[in-house]
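S.K.: These are the residues of each chain, in order.
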Amino acid sequence: MTEDSLMKRRAEEPIIAVENLCKQVTTSEGTLTILTSVNFSIKPGETVAVTGASGSGKSTLLGLLAGLDVPTSGIIRLAGVSLAELDEDGRAYLRSQYVGFVFQSFQLLPSFTAQENVMLPLELIAAADPGLKARALLERVGLEHRLQHYPRQLSGGEQQRVALARAFVTLPKLLLADEPTGNLDSKTGRTIIELLFELNQEKNTTLVLVTHDEALASRCERMIRLEAGTIQEEV
Amino acid sequence: MRYRYFTLALRLLARDWRSGELSILAAGLLIAVASSTAISLLGDRLRQTMVGQAAEFLAADLVVSSHDALPDAWLARAQQLSLRHANTEEFSSVLVENDELLLTGVKAVSSGYPLRGYLRTTSGDITEEVKTVDIPAPGTAWVDGRVLSALNLKLGAEIAVGEQRLCLSRLLTYEPDRRGDLYSLSPRVMINQADLAATGILQPGSHVHYYDLFAGDEAALKTFKRWLKPQLNPGQRIVDIHEDRPEIGHALTRAERYLGLASIVVVLIAGVAIAMSTRRYTERHFDVTAMFRCLGAQQSSILRIYGWQFCILGALTSLAGCLVGWFIQLGLLSLLKGLLPQDLASASGLAVAFGLATGLMTLLGFALPPLLRLRRTSPLKVLRRDLEPLPSSAWIVYGLAMLSIAVLMWRYTDDLKMTTTLLLAGLSATLVLGSITWLLLKLSRLLLPHVGLSWRFGLQNLSRQPQTSISQILAFSVTLVAMVVSLVVRTELLADWKQQLPADAPNHFALNIFGKDLDGFKRLLAQEGVTSSAFYPIVRGRLIAVNGVDVHQLASKESQGEEAISRDLSLTWSASLPLDNKLVRGSWWTGEPFQVSVEQGLADSLHIKLKDELAFNISGQTLRATVRSIRSVRWDAMTPNFYMIFSPATLDAYPSTYLTSFYLPAQRKTALNHLVKAFPGITILEVDVLLEQFQRILKQVTLAIEYVLLFALAAGFTVLFAAVRSSLDARVYEDVLLRILGASRHLLRRSQLIEFAALGLFAGLLAAAIAELTIWALYSRVFALAYRFHWEIWLMTPAIGAVLVGVAGFWNTRSVVNASPQSTLQNL
Chain A
808 MTEDSLMKRR
818 AEEPIIAVEN
828 LCKQVTTSEG
838 TLTILTSVNF
848 SIKPGETVAV
858 TGASGSGKST
868 LLGLLAGLDV
878 PTSGIIRLAG
888 VSLAELDEDG
898 RAYLRSQYVG
908 FVFQSFQLLP
918 SFTAQENVML
928 PLELIAAADP
938 GLKARALLER
948 VGLEHRLQHY
958 PRQLSGGEQQ
968 RVALARAFVT
978 LPKLLLADEP
988 TGNLDSKTGR
998 TIIELLFELN
1008 QEKNTTLVLV
1018 THDEALASRC
1028 ERMIRLEAGT
1038 IQEEV
Chain B
1415 MRYRYFTLAL
1425 RLLARDWRSG
1435 ELSILAAGLL
1445 IAVASSTAIS
1455 LLGDRLRQTM
1465 VGQAAEFLAA
1475 DLVVSSHDAL
1485 PDAWLARAQQ
1495 LSLRHANTEE
1505 FSSVLVENDE
1515 LLLTGVKAVS
1525 SGYPLRGYLR
1535 TTSGDITEEV
1545 KTVDIPAPGT
1555 AWVDGRVLSA
1565 LNLKLGAEIA
1575 VGEQRLCLSR
1585 LLTYEPDRRG
1595 DLYSLSPRVM
1605 INQADLAATG
1615 ILQPGSHVHY
1625 YDLFAGDEAA
1635 LKTFKRWLKP
1645 QLNPGQRIVD
1655 IHEDRPEIGH
1665 ALTRAERYLG
1675 LASIVVVLIA
1685 GVAIAMSTRR
1695 YTERHFDVTA
1705 MFRCLGAQQS
1715 SILRIYGWQF
1725 CILGALTSLA
1735 GCLVGWFIQL
1745 GLLSLLKGLL
1755 PQDLASASGL
1765 AVAFGLATGL
1775 MTLLGFALPP
1785 LLRLRRTSPL
1795 KVLRRDLEPL
1805 PSSAWIVYGL
1815 AMLSIAVLMW
1825 RYTDDLKMTT
1835 TLLLAGLSAT
1845 LVLGSITWLL
1855 LKLSRLLLPH
1865 VGLSWRFGLQ
1875 NLSRQPQTSI
1885 SQILAFSVTL
1895 VAMVVSLVVR
1905 TELLADWKQQ
1915 LPADAPNHFA
1925 LNIFGKDLDG
1935 FKRLLAQEGV
1945 TSSAFYPIVR
1955 GRLIAVNGVD
1965 VHQLASKESQ
1975 GEEAISRDLS
1985 LTWSASLPLD
1995 NKLVRGSWWT
2005 GEPFQVSVEQ
2015 GLADSLHIKL
2025 KDELAFNISG
2035 QTLRATVRSI
2045 RSVRWDAMTP
2055 NFYMIFSPAT
2065 LDAYPSTYLT
2075 SFYLPAQRKT
2085 ALNHLVKAFP
2095 GITILEVDVL
2105 LEQFQRILKQ
2115 VTLAIEYVLL
2125 FALAAGFTVL
2135 FAAVRSSLDA
2145 RVYEDVLLRI
2155 LGASRHLLRR
2165 SQLIEFAALG
2175 LFAGLLAAAI
2185 AELTIWALYS
2195 RVFALAYRFH
2205 WEIWLMTPAI
2215 GAVLVGVAGF
2225 WNTRSVVNAS
2235 PQSTLQNL
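Read top to bottom, the protein sequences are chains A and B. Following my numbering, the numbering of the first sequence begins with 808 at its first residue and continues without gaps. Following my numbering, the numbering of the second sequence begins with 1415 at its first residue and continues without gaps.
Chain B on its own, in the form it takes in the complex (with noise of 0.2 Å):
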């Protein structure tokens, strides 16, 4: 008894699958499990590539910082863990060698560093370096080329790093984890950890930097990284790829949110689809429905038979998606085979359940409205065939598919502005832009009398039942915004990559040039024919106090905040704003000192205000300065950039050294060693090997970003077509009810492309004006775009949507014309 209704709803279900009744929309749940699992597991699994391959930038997945070693109980945490581990110590030395002095930044590391990336070393001739995973022997030391110069030292010499003296056996140039601004380094010592005791200068109180190194497993990092979070103290925290490199992070970022994006748009589309078969699965059913009331089903049986038949027909095909899902994945991966690393993130099981729940989900959202409308069919059609079910609630029949399509962005996203801003856009555009369609369909009535035949035939079933054409016309619409959106913010998002790192984008930067030496700089980068961008004037200083109180109290643990005044930090001045900074709050000084022009990051952490007065410490002395402006930075330009940029003469009391940057092809590189050899003193950072990095992970990242888009097409594509077809069993009756009076097919033809190609049209329409809101609230609030006005979507979109809803009108009404109007009758 308990299963009766169970039962029953799967009999129903094998007779109704039998029949063919529930092909469109076992169809449409396919195509969205299908797409949201292939999306889920590719995102994923390119996700989880491109981090580990921006993990080599942190030389490790996960890394704590600390001023203290971290207890055992940690480390024995991680091993339990089976997470690998190596640890470094930074810290700042003065060295003394051939009567001269050299501030260098001291980094001793443990065996096993680097756990991601490598080290590339050479032995003199900066053409000829190589890759290593290998650390400094015991005993040696590997250092910057500047360190030589400066000291007046030849690879071989031996240095004293505190009381040790450590032979040094080879140049460091290029080190995976190089924190800081990158153009404000003391020159590197790289030593190794054995020695480090020997040095003396790990006493209690001395300025030392530890860092803890983890690499292993995903599941098992983000266990440690939960069971460590609570534990850490001030003094301690993650470091995070995407705080200590912003520039990589940036970019992670905007990928992620894009595969974040194709994913609702892929669900977006197929919730349509399973929007329009349930409706139609619905009108279909009513007379059964009818039957079974008449026959004595209660209402809560109704519900419950038709509920039990979309679980199991959600499960089979949701199962079914998954698999289909799974393969696509496969395939679109083996397509990108050559493109993509070797060791590709293995897919997670987690992926394949969130396909799973989204089918289920997606159906839930879009096919329980209609299917409530069912439960309230009143047993009296049997009577009267043209009584029809109020519809349900449009509160319900929104609010439910918006529910479920938030809850779907939000997991997707992870990001609550991207889902409210697109949800919100939607929503108001779809009201207005819905409620002019609708005065536009009243108003096409009027030209009715002024055309002929077929347009009037055309045109009056769209304009007859004005509810069900805008229900079409939105359901359409959505499927074209989908489509819009994602072809555009792809293309305008790989653009501004492409722009912002043009293949000439500055790979070298030289620091430390004093201000002597500038004039002569300049003249022999020209001699060498670089072309460098503008020198900033650099004074290295401390951000001490805010309105005199002490920033250690205004920075929570882990914030952006807590690393800036944790440190020195690069402080410039400048008479204009730098090209790639924008103005957020405030304005731009016309010559008064003193006045100072904060990262808005920053700024945010620290909670700094407009007319805030700033104290910095600069070489022991406190120097005063009132906030100007607040300033946003493109962080992921290779470029330089401040978070603090001072008006003209407020720091012209302390001493400078400049920096700049510029372009140098990798056979070109000789050039260094002409600055080098003329310019001792100057610190050249190669970031070329850096760049390289970054521009591999935008090419994969713009990849993936090509197939998921093309995939969303198809499932765009696909569910128009199929969308079209459910809307056909009332234009199909009328057709054969016309044929029998006599209508020639050649008339009919052209009224049915007159009727989709209309509606097609008016679904661009609406879809232009959604699209561009939209893509504007994206551009502005989630990818940082710079917005203009897409004249091409309003030409494109419309067409498109006319000759696509057209065609597929046409092609699947061509049955009626073409088979006798008996069968079709019977067929209905």
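With the rest of the complex left out, here is chain A (with noise of 0.2 Å):
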């Protein structure tokens, strides 16, 4: 796939579409159906929450739509591209292009330090200034004073906030984030949320949101309610 044809399917589509997803896996005790029967598209721009209690496919949701993982039938199209179409290196490449991630468990890599944790993806990308630009999204999210230390030696809350900077230094189209708040006390994650909301409108970046917090859901223009894998409603 070249980008050039990425970019004209790109203008007129949904940055995503989902027809009749289904999720199951196969356990010891027989079938396990973890989503059924997923429909529903994302426009650009748009900041969509996902709720449901524990248990209710949220994550495996998030996994699917980032191309982490593939379905057992129902299609998934990122930037107009079928994700069925192609083959894991075909994903990642999607992902380098258009996706960047905010998990829970922050999932900094231990021996860089914060910068080296936001230079990363451009690097992957062979981006130009990987440095100066990662230097920059840090200084953006309040983070000049701990360019050069290990994740080991920040907060929860700080570590959130590389992982909000290193999320948005590729500019991506679409921004995955897991239940960011998850690991962090309420005051802290109010805080990580301002940010994130804040970045998100600067980078004019589409959001989903995966959360079992109903107030943090109500701030995204819509709500997309999961229960035992299924659509519940769409708010």
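Since the hints were made in silico from the structure, they are not lab data. From the three backbone atoms N, C-alpha and C, an ideal C-beta is built for every residue, glycine too. It cannot be assumed that every hint is accurate.
[Said to hold, decoys possible] Reference listing, derived: stretches of chain B covered by chain A, where coverage requires no fewer than 3 residues with Cβ under 8 Å from a Cβ of chain A: (1) 1420–1432; (2) 1693–1707; (3) 1711–1723; (4) 1780–1788.
[Stated by the list, open to error] Have a look at the derived ranges for each label pair, beta carbon to beta carbon: (5) Pro917/A x Lys1856/B: 35 to 41 Å; (6) Asp896/A x Ile1726/B: 42 to 48 Å; (7) Gly1763/B x Pro917/A: 41 to 47 Å; (8) Asn990/A x Ile1726/B: 31 to 37 Å; (9) Pro917/A x Leu2124/B: 36 to 42 Å.
Dock the two chains into a complex; use the hints.
M.R.: Right under this line is the structure:
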């Protein structure tokens, strides 16, 4: 797939379109259905919350949307490209071009400093001046004095801010956030969410936010509620 | 763009280095390269030195034997390569003086002879001999004492060699390159080559052997040898120390094989260290890799990033390892200084290059499989932490490791037999015993309900994940096997040499004893207080045909067979099999005549089988005999050995003499004068100088082996320790959790000790079995040593394994119990 063909398809289509999505896993006790007939689409620039109780399939859905996993049946189009048509390497390429991530457990690389963690996605796509860009974004999230610190030397809130900087540094079209405040106290959580929405606005990113926090979900333009693997309502 | 992954890998490597992630891996690789370089260098220098010393027995580094003078172009080529050259011509000649006849072996030598070693001569009294590198002056001859007694001459008299009269100026007591079986020689007359033409003996068609001697730089010799080989015609051959002097050749071969074995042992140990530390490195990089994948890195990029990292790390560490290895080798040699010859061969750059290649090869074989696993890390792991990539297929993991070990073994030993023997023995033992261990681990679960808490924790850890435990047990076993095998082989190799060459090994041969003198000679020996070995009858004869086919059509160029059929052999008969000999095929006779037993090497070389009919020419008559058995002979024992032994009565029709060997200490040399005076017709051959030299070589080889062993053991201990360290992460994590849950320090310490000691015990048991099997394979196929069951291995190895691994584990986990759980968790 070339970059040109991707650009053409992108202009007119939703950034994400999901049709009849099903996900089953085989366990020792038989087949377990996690998602059934899920359908929705998300337009560029939208902010969407995916909510539901533990075990409702939120994180599985997020993994499928990012192409981290493959569905049992159904179609997912990311930027107009059907993920089913791509192999794992093709999906990886798509992610490197369009997707940014924020995780509940931060997922910073322990042997990398804050700045190096932010530089990494730029280095993987061989972008120019990774050091400068990373530094600028870390300053934007208020960590200019922590550039050379390792994750274990940072507080939870600071680690998540580094993760935000890493997610936005490649200017992704789509940001997937999985319970970004799940590991933080409520005050720090609020600060992080503020920062997330600010950056989202500044960089004009589409945001898909997985959370079980109704208050947080209500800050998004749309809400998709999952229950036992199916969409119960779209608000 | 092209160097994107390279620069990224470089930066990642620097970050990992800074954070200490690489230290164990780098240490493993450093040990591998440093030890293989050190052994490669040490082995190479010792081998070169030993070969150099052995060259003294050829009087040169390289000898070409021929029926004609060598073409000028060959000598020009040698000169071009700056090789020194000398030549000798050998032929038989009958001397007639004072109405006595004597068949002598005349040797004309050119100036420069001997190129290696020296001659010994006396002016009469055998106790006053002098070393010299001179040769007889033109117009003079140096002779064996027997020439004087047989022809009733004194030093200063003249003899006629052909048409030339020469003055007998000195007695020759030792010449380094005396060929043929030692005890069947005609007495020597050595003359200057300048007198050769004047003797008139060198006529077309006369039976003369030409030897061209070359000495010089090893590389130049190699080039010359390579250039020479294809041009040799059937009458010409390159004389090899292994064939020309089997007693020394065999010792050298075994020593070289041991050094080879030690190198493999060290590489194997280091390989284990590398495999274990790469495994740890890989496990600690699953999360990072999942994140790379999540951020869009493709599988090939992952492989390239880590591949580059390992290449850079491999190259840098190998270079450092080479340097360390160089210094270790210097250190070892300086320890050996007083015991090694002054002019030790210099280290070759090639040995260093091999050290480097070894490092990279070991890295490839042992690190690539775990590394390949990283490529398959699922990006989904960022969401589901428990998701670990499938391990690489066992075929890849073990196949690659085996392949790289096989290549290294082959390169070190240059010996396909040893390589396959070791690999097959090790592999089959590992498979069978690995399964047994798995079963034992499973069974040990049955014990759990009946033991105390610390025992339960300790044993549970092992049996819960049998696959992980087995791979650790295997890793420790390989290290222990390597250590045990090198220790046992060394001990028994040295014991075997010692037994073979006791302090009173025969150092003199007496030959040409006529039947009528036999009793008198035995009496005189007894009077002098000398004990001799058995007396063997000797008939001289030449093998001419096998099943009616001329032997010259059977022998390939440069083979042992070609050498043996081109001269007279000493034929003997015996009712019983000599002590040192072993029957390989066929059976010993029970009395029927015209049966013959053939030495194995010669039989193989001439394709002689049981029941073949051999024809011999003895004093112009033809004798036929049927092959009844094939024997192996210990050429490295200093006792009389024979290519052909006949059944009693077969040779009765031919005139025979007797030979024996005996030990005479240096201070009792005068006894020889009495023997020679009483029996002037007898030839006494003094091999004490040769024996001394042989023993000196063995002593140096022994010493080298001792140090190489020490080195292998040290490497083994270091690696065991490092390997324990690299398997700690999971255990530490569990121990911290246990501490958080309130487990006492005492409980944890005890369960850790039990776990590691049990791990070591299992590994030791496995190692004992594999070692026993490997030793059996090595002895029977490689070292030609007698195998016996080693019960001590079965006792010691499990005990040592339990103590070593137990202590290493106990020591390494002490920080977990002593530090705060919080800080340990943060550092994981």
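S.K.: Take the hints in turn and mark each one as holding or not.
M.R.: Against the structure, the hints:
{"no.": "1", "hint": "1420–1432", "in the structure": "holds (count 5)"}
{"no.": "2", "hint": "1693–1707", "in the structure": "holds (count 5)"}
{"no.": "3", "hint": "1711–1723", "in the structure": "holds (count 5)"}
{"no.": "4", "hint": "1780–1788", "in the structure": "violated (count 0)"}
{"no.": "5", "hint": "Pro917/A x Lys1856/B: 35 to 41 Å", "in the structure": "holds (36 Å)"}
{"no.": "6", "hint": "Asp896/A x Ile1726/B: 42 to 48 Å", "in the structure": "violated (24 Å)"}
{"no.": "7", "hint": "Gly1763/B x Pro917/A: 41 to 47 Å", "in the structure": "holds (43 Å)"}
{"no.": "8", "hint": "Asn990/A x Ile1726/B: 31 to 37 Å", "in the structure": "holds (36 Å)"}
{"no.": "9", "hint": "Pro917/A x Leu2124/B: 36 to 42 Å", "in the structure": "holds (40 Å)"}
Checked against the numbered hints listed earlier, the structure breaks hints 4, 6; every other hint is satisfied.
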